[in-house]
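Peer 1: Sequence:
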Amino acid sequence: CMNPWQWNESIFAIGELFRRIVLNCIGRLKDAVVTHKFILSGSFVDISKDKSIYIEYLTGADVPEHQYQVSVKVEGDCDADQRTLSNYINSCSIKDLPVVFETVTPSYDDKDDNVPNLYNILHLQDWKQKICVKLVNDPDGNIISLKVLDIPRYQRLDMSSTVTIRRSRRLYLGDS
Numbered sequence: 002c003m004n005p006w007q008w009n010e011s012i013f014a015i016g017e018l019f020r021r022i023v024l025n026c027i028g029r030l031k032d033a034v035v036t037h038k039f040i041l042s043g044s045f046v047d048i049s050k051d052k053s054i055y056i057e058y059l060t061g062a063d064v065p066e067h068q069y070q071v072s073v074k075v076e077g078d079c080d081a082d083q084r085t086l087s088n089y090i091n092s093c094s095i096k097d098l099p100v101v102f103e104t105v106t107p108s109y110d111d112k113d114d115n116v117p118n119l120y121n122i123l124h125l126q127d128w129k130q131k132i133c134v135k136l137v138n139d140p141d142g143n144i145i146s147l148k149v150l151d152i153p154r155y156q157r158l159d160m161s162s163t164v165t166i167r168r169s170r171r172l173y174l175g176d177s
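Position in the sequence shown (from 1) plus 1 gives the number in the numbering used here.
Among the clues, some could well be false.
To be verified - BS3-like cross-link-like pairs, simulated, lysine-lysine; straight-line CA separation at most 30 Å:
#1 52 to 96
#2 50 to 148
#3 96 to 50
#4 112 to 52
#5 135 to 96
#6 74 to 52
#7 135 to 50
#8 74 to 131
#9 135 to 52
#10 38 to 74
#11 50 to 38
#12 50 to 74
#13 112 to 38
#14 131 to 148
#15 148 to 96
#16 135 to 74
#17 52 to 131
#18 38 to 131
#19 112 to 131
#20 96 to 112
#21 96 to 131
#22 74 to 96
#23 148 to 38
#24 148 to 74
#25 38 to 96
#26 112 to 50
#27 112 to 148
#28 131 to 50
#29 135 to 112
#30 52 to 38
Stated by the list, open to error - Label-pair ranges, simulated between beta-carbon atoms:
#31 81 to 15: 43 to 51 Å
#32 110 to 50: 19 to 27 Å
#33 52 to 142: 42 to 50 Å
#34 156 to 50: 28 to 36 Å
#35 36 to 84: 20 to 28 Å
#36 156 to 84: 14 to 22 Å
#37 143 to 14: 41 to 49 Å
#38 138 to 81: 27 to 35 Å
#39 43 to 66: 20 to 28 Å
#40 34 to 74: 41 to 49 Å
Derived by calculation from the structure, the hints in this document are not laboratory data. Predicted, not measured: the structure shown is a model, and the values here were computed from it. A virtual CB, placed ideally from N, CA and C, is assigned to each residue, including glycine.
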């Protein structure tokens, strides 16, 4: 015999999953091409042992294209990029600066459906799952390629629960 309360919880879980998928699809289809910023997640690491690092997306609720929570596991695309990345992390550590990366928009055809918005840059093979990033706090302004190894979290923020009251409307409480 099936527990009706358990069935109810399963329906809610499936509904929540469907909602997240729809929100991600809306982002993929409607987001314009803008630059995105990421920050090194965790402490400064010795990347001579493990070349991969985790970066977190810098969320912004005021711009629709920045309404995401994303964690990405990346590493330098080649040895030169890996050395530049290591030097950048060490330099930021010494100067007590955050390790920030800003995406550089890849070239694309305006008529193509796969514009380089956040979803497409991270997921599609069109750009070989590489992110070209500018090292924000690097005095030389270096640009490197990071290879996407894993995306443990990719979620568009659900802004539908935001409630606004127009100033022209008056709210009266109590009996009429």
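Peer 1: Could you check the structure against the hints above and give me the numbers of any it violates, in ascending order?
Peer 2: 4, 20, 26, 32, 33, 36, 38 and 40
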